[in-house]
Amino acid sequence: MAPGAGLSLAAALDFGTLPSQVVNGVLNGAIYALIALGYTMVYGVLRLINFAHGEVYMLGAYTALFVSWAYGFRPDVPPDQLPESSLATLLVMMLASMAVCATVGVLIERFAYRPMRNQARISSLITAIGVSLLLQYGGGLFLPQNPPPTMNERVNPYRQTLELTLVGAPRELSQAVEAAREEFQKAERAFEERLQAEKDRFNLSPEGERLRDAKFEAERRLRDAESRLNSAQVTVRVSAGRLAILLASLALMFLLRQLVLFTPTGRAMRAVSQDFDSAALMGVNVDRIVTITFVIGSALAGAGAMMTATFLGTSITPYYGVLPGVKAFVAAVLGGIGNIPGAVLGGLLMGLAETLVIWAGYSQFADAVAFVVLIVVLLFRPGGLLGSSAVEKV
Amino acid sequence: MALRVRIASILAGLAGCWLLDALCRGLLRESEQRLVVLAGLYVTLAVSLNLINGIAGQFSIGHAAFYQIGAYTAGYLAFFYYGKLPLQGVPWLVAMLLLGMITAALAGLVVGLPSLRLRGDYLAIVTLGFGEIIRIVVQAIDLTAPTGEQVGGALGMNVEPRIRIIGLVWLFALTCIAVTRNLCKSSHGLALLSIREDEIASAAMGVQVPKMKVAAFMIGSAFAGGAGVLLAHSESFISPSMFPMDLSFIVLTMVVLGGSGSITGAVIAALTLFYVPEYLRGLKAPDGTALTATGASLLGWVAAVVAAVVVVRWLAYRYRGTARQRALGYLLTAVGVLVLGRLLGWGLSFLPALQQAEYEVQKLRMVIFAGSLIVIMLVRPEGVLGRHEFSWDRLARVLRRQRPKEATG
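Residue numbers (our numbering), protein chains in the order written: chain B, 172 to 565; chain L, 90 to 498.
The shape of chain B in the complex, shown without the other chains:
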């Protein structure tokens, strides 16, 4: 049994792209963090793994899609008749997603989880799995999925790539690239002109062949110069959309922090997560707090779904939430489930680890790395990174 391609070492690590990858990993992690917050808050208050959270996320993505259709970005509209998008459009989409997700989250809590609150925890877990399956397959019945729709890329006004040079290359290298590019363009133009004059495009005359070879030679020299330049300088390339995701996520997390730390509702929430029954005895309206927790958690998932659907352009299916949901849950556990800063830390770590594994050439293992990191961390810190693993006292 010879080991096949799957286990061979990656050919070479391209350290020139590493800074970009690190930044992108953090940006990916921001989304995981947003979803993980929903898991961790619900767990903190109810001690329930809300398996339907990923499906709430999926509904958020569909809501954003429908709102964008309402704005005129329908798939059947020819590209030149599409309306202009703006920040306001994006905000409306985000608010709609958040509102729909919050409503769905509250409904799930009211009708599926609340009746189970006094039962064994595994029963409510099975109910959660049932809700998750119901939303997935129900979504499969009623939501457009064949072919899987994608958000029109014109919805996103921030499509350009931002480039930040950390360490500049020596000037002669960039000059060499410029010179090579000029030469290449000259050779290409000459070849194109010759091609117009040729009788038979596929059977060139000797003169045409010479020009074609010259063009290829110039192109090769240009690529050489470019790669030399790239390996000498360190730049970070990020699409503006991803940066927007990060900024919006940070803003939402900051709002959440203020809410949890400095409002009466937040104080009640912390009290409920510390001790459900005592909080109720102290006059906290526990049902209200649980509802608010679901509103916030689901709204955050909705915001995350809207941003991934818009800025990353992934196609939307009824199973859109499964993998992000599982990974975000892993992120929440990694940080210490029930712990809000932990969820953010776990999400960022998860995004980073995944991107770095893809960068190292093991993209087929990208989905597994999350779990490997989790198991390793839990073996050393059974309560997660920031969680407390209190010893049970009798």
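Derived by calculation from the structure, the hints in this document are not laboratory data.
To spell it out: a stretch of chain B is covered by chain L in this simulated footprint if at least three of its residues, at any positions, have a beta carbon under 8 Å from a beta carbon of chain L; those stretches are:
hint, stretch
1, 308-315
2, 496-502
3, 542-550
Reference excerpt, derived from the structure (chain B facing chain L, CB under 8 Å, subset only):
hint, residue
4, Q290
5, L304
6, I508
7, P553
Bear in mind that the values here come from a model prediction, so they are computed numbers and not experimental data.
Even for Gly, the Cβ is constructed at its ideal location relative to N, Cα and C.
With chain B's structure known, arrange chain L on it following the hints.
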């Protein structure tokens, strides 16, 4: 139990399996035989997970991983060694069964070890993660055969030859049930039950908690691995997509729905949950076309079921009642749902928009599955059987209309 009873039940089990095999071969089509095999495998999976989850109380949600390990052990070994060893046909399958059980038990050891440090949800997520890691690694590895052929990987692999013996599958399921049941009656089983109830207290009473936990994991995963071997040789094709996370969830659902800790419950729930979607898949209208449901009747049924759930929960909250009254209540509710659903569907059919919207029942099957799951959990959170087991004594007592001696409830 007297030795005579034990021998008699073993003989009865063997005869039953042989009879089932003969009957299925004689009466059923190829595709239906496959369903009987799969049903037996699901029973094995549910009962073995019940050992880990319901009896030992270790919250594991990655059972599909052990199933997959068994299947791939058989797949790879059959590819590289079948025909080169003096084992052919059934002896080969039995040898594979043992090997698959050993490999899966070793994997169970690896997963069981974290359970010594982790509790509850943290253990659950580690088992889930382990399942995903296995699936992804299997998906990523292609082995190259001496002939230069690629085996395994994301596209799956063929397992030659196909050996489908219904009797053996069910015999294995019966063995799993018997092992679990006898374990529960032994002192080791009592130790497991005490760990489920309270880990610290049982450690204080002298139960070797770590050893017992790992043992439960290893036995449970060994049976799942054996089921995987039988699956590989019965289907003659395996791929990573046959062992998704959903499979683990569905097996877990079987355990909890039947009543966590009840072997009878796990068997009943496994058979029901496996059969219902298959039944709905094959449902045809009287004229042979695909059966469809109108929006009106769908909405009517949904409303009736929701109403029934509300009524049952309200009643359960208000009145306790005797066991017979409760059974009667459930029966009346079921009848009420049927009547109310029909009536509402008829009433709603006067709305033209609802009458014209039609859905194929086939596509609805998973929705119905998930919906009934939620409803059953809401109505009976402790599972259909709770922690009760089937027993002949009890059946005899019920037939003789005697009140059970011990209080049940």
